[in-house]
Structure formats: structure tokens, C-alpha cells
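Enquirer: The sequence shown begins at 0 in numbering that gives the first Met the number 0 and counts up by one.
A portion of the hints provided could be inaccurate.
Claimed, not checked - BS3-like cross-link-like pairs, simulated, lysine-lysine; straight-line CA separation at most 25 Å:
1. 54 to 28
2. 30 to 54
3. 73 to 59
4. 73 to 56
5. 29 to 59
6. 73 to 34
Unchecked claim - What follows is a list of derived Cβ distance ranges for each label pair:
7. 44 to 75: 15 to 25 Å
8. 4 to 56: 32 to 42 Å
9. 69 to 34: 11 to 21 Å
10. 16 to 70: 20 to 30 Å
11. 23 to 56: 37 to 47 Å
12. 65 to 37: 32 to 42 Å
13. 2 to 54: 12 to 22 Å
14. 34 to 65: 39 to 49 Å
15. 40 to 77: 31 to 41 Å
16. 19 to 45: 24 to 34 Å
17. 2 to 51: 29 to 39 Å
18. 56 to 17: 16 to 26 Å
By construction, these hints were calculated from the structure, which means they are not laboratory data. Being a predicted model, the structure only gives us computed values, none of them experimental. We put the CB at the ideal spot given by N, CA and C, even for glycine.
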Amino acid sequence: MPKATIMDIRREVENYLGRRVKLEAHKSKKKLYQKEGVIESTYPSIFTVRVQEDKRKEQKLSFSYSDLLTQSVKIVLLDEGETDSALLVS
């Protein structure tokens with residue numbers, strides 16, 4: 000199975016604009032955080048996810064496509080009527 004490229008990842012993320020996702024990201028070497036949000040925008044080098052946590056203000060987080068390629072960030076789709084499915088398999 001061929002490995003995914005940055006362009007493959009970008010196209011796949013663009014297909015899921017506006018969809019709810021759960022993401023896992025490494026904050027530091029030993030810290031991992033998980034958040035749920037909506038893929039909001041895609042740009043040539045990055046994409047943004049809008050996150051709303053309990054009573055906190057809405058946040059916009061940005062990630063590079065290489066974060067997905069290197070698996071330092073993992074995204075899972077969370078849509079009604081579907082079981083959790085991985086957005087990207089490299």
C-alpha cells in the first residue's frame with residue numbers, strides 16, 4: 000500500500016470541511032490532549048479546527064498537513080449515523 004503524501008492529506012481534509020472531528024495531539028513529549036471540533040478552513044500549508052470547550056470561549060486551532068503525515072496529530076470523524084472512522088490512514 001503506498002504511503003500518503005501531503006497533497007493526498009490536504010485533499011482528504013478539504014473533503015471534510017464543516018464536519019465534526021475528534022483530534023488527538025501531542026502537546027509535549029509526555030502530554031497528549033484530546034478535543035472535539037469542526038474542521039473550519041484549509042490553506043496551502045495548514046488547516047484550522049474550531050473547538051468549543053464547556054464554558055470556555057471558542058478556540059481556533061491550526062495544524063499542518065505534515066502533523067497528520069507524521070501522526071503527531073490524529074483525526075477521527077464524528078458524524079451522526081456513522082461509526083467513528085479514521086480520517087486518514089497513512
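Enquirer: So, against the hints stated earlier in the document, which numbers end up violated here?
Expert: The structure conflicts with hints 1, 11, 12, 13, 14, 15, 16, although it agrees with all the remaining ones.
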